[in-house]
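Enquirer: Here is how the chains run, residue by residue.
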Amino acid sequence: MNISDILWLIPSLPLLGFLILAFFGKRIPRNLIPIIGTGVIGISALITIFVGLSFLGNSTPGAVIEQHLWTWFSIGNFHPEITLHLDALSLVFIFVITFVGTLIHMFSSEYMKEDEGYSRFFAYMNLFVFSMLILVLSNDLLLLYLGWEGVGLCSFLLIGFYYGDKKNAESNAYAARKSFLVTRIGDTSMILGFFLLVKTFNTLNISEILKAAPDVWTSDSTTAILAAALLLGGALGKSAQLPLQTWLPDAMAGPSPVSALIHAATMVTAGVYLLTRTYVLFELAPSVQLIVAIIGGLTLFLASCSALVQRDIKRVLAYSTISQIGYMFLAIGVGAWSAAVFHFMIHAFFKALLFLGAGAIILALHHEQDMFKMGGLRKKLPVIFWTFLFGSAALASIPLVTAGFYSKDAILWYSFASVKGGVWLWVLGSVSALLTSIYTFRMVFLTFYGEQKTEISHYPGMAIKIPLVILGVLSLIAGFIELPHNFGHFSLFGDFMNTMLPAAVLQDPVGISEGVLQVVAGLLALLGLYMAWQMYGKENATRRVSDMPFSAGMTRFLANGWDFDKLYNIVFVRPLVWLAKIDEKDFVDGIYRRIGWFNLEMNETFSRSQNGKMRYYLMGIGLGAFIILTLILAL
Amino acid sequence: MILITLLAILMGSGVLAWAVAPFSKQGAKWIALLALLIDLVLVSSIWINSGGDITMGSESNWIRSVKFNWIPDFGMTFHLAMDGISLVMTALTFFLGVISIIVSWNTIEKDLGFFLFNILWLLAGITGVFLAMDMMLFYFFWEIMLVPMYFVMVIWGHEKSRYAGWKFFLFTQISGLMMLLSILGLYLYHGSQTGTYSFNYADLLTALPGGALSFWLMCGFLIAFLVKLPTLPFHSWLPDAYAESPSAGSIIIAGLMSKTAAYGLLRFVVPLFPDAARDFATPAMLIGAAAILYGAKLSFAQRNLKRLIAFSSFSHMGFILVGVFSFSAFGYQGVLMQMVAHGLSIAALFIISEFIFERIGTFDLEEMGGFWKKMSNMGGFTLVFVMASLGLPGLANFVAEFLILAGAWQYDAVLATLATLGLIVSVTYSLRILQKIFHQSSQTKVDELVDLNPREWLVLGSLTVAILWLGFFPQSVVKVAQPAFDRLGKNIESLNNGKIGMAEPYDGLLKGNKVEKETKEGGISW
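Chain order of the listed sequences is Y and X. So the number in this note's numbering is just where the residue sits in the first sequence, counting from 1, plus 7. So the number in this note's numbering is just where the residue sits in the second sequence, counting from 1, plus 727.
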């Protein structure tokens, strides 16, 4: 069997699952729903592993497998294809999507069991997986955009999933449309970028564009900058980076598995994927690449500050996600493409784990999300505790034993040592690493230590425990496939990625050795753990919302994500809504209405003169004659 | 001959249905439905027989054509002809015609026979507009559309339909007269130049006025089309007419009648006045972009569901203007696709709004909410068409908007960017439709609602299939229309006599853009 012939099955199975559940969801027995929903993704994952193994087994470096399905349309020489395209980068992504996706679906089968919209949930989730797979398996930007908007749609639907919630119906709907609108701003920038590419290359085929671009554009020419910047806009929206990050914390209105799959592991990293996929365009626009690094650095810092002072466990994770994707952007900005992809994969494991863990906790505690009403769950929920601890350790990148250490360390190293890096980017990354460690363990200690404050209403079953354990193990060991250079040369992942992506160019010589920076990074993570223990963990810890030296106002400011929402409300939302309100009736129509009114008035006035009295008519004739005569004489 | 058959079936069955209705209401309805189905089958057979591979001889550029003398003394001919563009549009006409009859199956009580007569003659007028290749005949059909539409609106419409009907009639009638003046002007100019006085489209193309005359004559056509489209600042009749019509009326007026204007721009304004149209391109695209944004803003502010949808239609028609005046292969194909896609999606949205009205007796969005619980099927369909309205890929509207905007970018990047902002604002009103009705907290007694019945399912289902099919396989339309657009492009090119500007982007696309190495000093190349 040829792999290029079965590639289409990988996205089609989730689509099939969606169709079955959408059309027959109400009729099929309830216990069959999760079997279909999870099953299709599971089979997809198995095919992916099979395809992946044969891809790794017999491929020459930089190999590509394509399956052409049909031509979308064809006008002149412009003919976007519906073609599935598998290379090293897509392989990593489809592996994470199907594999982590399967685990999350499995988790959901228990998590969503009591919910009215059980089949609706799995239908949307399957549609999401389909769209996401199309996004990463496409070699044409137009087809990529299909997946790109498809995942946006599913994200919208799943954020607003609890539409009938008594208390939160309005705010859920608001969060859903906010996410759609904010990401659409980015998408629109991206599609403008497409128009520019169509105009320049007369194609949206990614390989062709990447091949032709260096011949057409010189480094940092205006058009190259514009093209890269417009594409970047799309990535910023989807990946919730400055200044379009505001939708992600609100997106937590959706069910926890949604946050795990869409808003942690896969969709929000689509921006990272897009930039990596079109890396040539960014290498041709170094100034835009620098902006990517700066945006990444600032975002990760701002978001980790906000994560420090959240009360809601899911919002901590949301800000943490924004911040971790910031690391990926930072890596891209300094040209460490494969480090970005590596961190994407590791992050998918541990962040999905943390969201699922948080979901399991929330389910156990009558849907309580406030960490300050949790506590003491360590003994009661041991599986959740240990796996959550592993995930947290990876997020905080506790040195040597966690996967997060290896992926984040690489980024910090390149942000310092790459020719495109610099000491300030490294400082931003390192300070945030410290903050990350603090907020992560703050979360762990608040949730699992201290006294128990809420009764446990649901103990996790197997469908919840198995995904947690698998992801927990991966969060610890997955990093060993890519060791730092000074640990001996063992870099499976990097070698694999570098078959298609350029390696980062280091400064020569680098001022400080890799080992020193590793020790610093490791110490910062441990320092964060210690500080969190002092403030939130030990017996007589204060456990206040913020034990940092922040005033109440500052805490509120940070908790609201640096008040970006307030700013956007004042600058954009309110003026536009005001404009819509005052002109609801349409002033243009008003003009025509006045013309109509004027005619009616004239009609009334002149009809009044037709009163049937001879003396008025005579007077009219006389007056008229007088005026005309005067005019004639005057001339 | 088949073209005459298409029209004759509609007009004849219209009379027949009127005559039969007093005896059998069911019979009258079936006559109307069958007539439209037969026409649909006939057109589909032309489509299939031409196999998508439409080769047109050097003599005739038409797939089908029929020509008689009508009033030879005045140079009027009865000339009907069909190329790829008309083929697609007539197919859409009959498809939406079938839909509109099925939608009104149980809702029209009063004067059923006269209603069916009006609908069928209205559709005949629209079909005629898409086929007529003689300017007088075109004008004749253009006016035929008007009267039945007025009756449909006023007799079977909602509360304020008399007001809406008058407004509609005044706007379209006055603008139609402007077009008549232009037609006569063109006729006289052509006669004085060539000695043969003719209203025939093909004849008129042989000697075209230039300069100021061309501009003023174009204005007559433009006003008629821009009013009918409608676009800024002539859209004032639209919300009333669209919202007050009964469902069949809304489907036809929004889904088809506005497309006759788009068709007119492509068929007449661009080929007959190429230079004047080119000079007018920038203002036209600016008006288009402004209409997109202003329409979206108005739509967002509405509380009445039908008015909201009406304004969204106004917004989407801005894309037509942008596409037509981009003078690019992308733009033209995009315009045709937009005509079809928007016809389908706006019809579906109006149908949904009427289905809801039939259930709760109001269009007020504030009295809706949480309907998904009881009407998840209707919600699912609404989701599809709301997404079509905001241009989600996979649906036909995306292909249309992408092509139009990509074409516009070739002409002018800044104007294209302005129009593209429409993709953002369309989100605001589109999601409002979905969320206000089906999500959020419920206002009325949700529990009493019933989901779609089989008839309603059939209507929305077939529209969904159509819009999805065109979203994934737009080539089926693109291929049929391409020869017609090639001819249009060539016409413009030859008339331009090698002048660059208009023909250049089109040409560039066909031959493949030559990519030139750009230097750092060179700046932006467009």
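Because the hints were derived from the structure by calculation, they are not lab data. Keep in mind it's a predicted model, so treat the numbers as computed, not measured. Just to be clear, a hint being listed does not mean it is correct.
Residues of chain Y clear of chain X, computed beta-carbon distances all greater than 10 Å [stated by the list, open to error]: (1) 29; (2) 160; (3) 180; (4) 476; (5) 505; (6) 564; (7) 586; (8) 596.
No more than 20 Å apart at the CA atoms, straight line, and that leaves these computed lysine to any residue pairs for SDA-like [to be verified]: (9) X:1024 x Y:124; (10) Y:33 x X:1091; (11) X:1100 x Y:37; (12) X:1101 x Y:78; (13) X:1100 x Y:171; (14) Y:588 x X:1100; (15) X:1100 x Y:123; (16) X:1101 x Y:188; (17) X:1024 x Y:37; (18) X:1101 x Y:588; (19) X:1101 x Y:575; (20) X:1101 x Y:584; (21) Y:33 x X:1177; (22) X:1206 x Y:78; (23) X:1024 x Y:188; (24) X:1101 x X:1184; (25) Y:592 x X:1030.
Ideal Cβ placement from N, Cα and C applies to all residues, glycine included.
Enquirer: Now, for every hint given, state plainly whether the structure supports it.
Expert: Structure-based check of all given hints:
no., hint, in the structure
1, 29, "violated, 7 Å"
2, 160, "violated, 6 Å"
3, 180, "violated, 5 Å"
4, 476, "holds, 36 Å"
5, 505, "holds, 29 Å"
6, 564, "holds, 28 Å"
7, 586, "violated, 7 Å"
8, 596, "violated, 4 Å"
9, X:1024 x Y:124, "violated, 34 Å"
10, Y:33 x X:1091, "violated, 30 Å"
11, X:1100 x Y:37, "holds, 18 Å"
12, X:1101 x Y:78, "violated, 40 Å"
13, X:1100 x Y:171, "holds, 8 Å"
14, Y:588 x X:1100, "violated, 31 Å"
15, X:1100 x Y:123, "holds, 10 Å"
16, X:1101 x Y:188, "violated, 27 Å"
17, X:1024 x Y:37, "violated, 44 Å"
18, X:1101 x Y:588, "violated, 32 Å"
19, X:1101 x Y:575, "violated, 36 Å"
20, X:1101 x Y:584, "violated, 31 Å"
21, Y:33 x X:1177, "holds, 15 Å"
22, X:1206 x Y:78, "holds, 12 Å"
23, X:1024 x Y:188, "holds, 15 Å"
24, X:1101 x X:1184, "holds, 15 Å"
25, Y:592 x X:1030, "holds, 11 Å"
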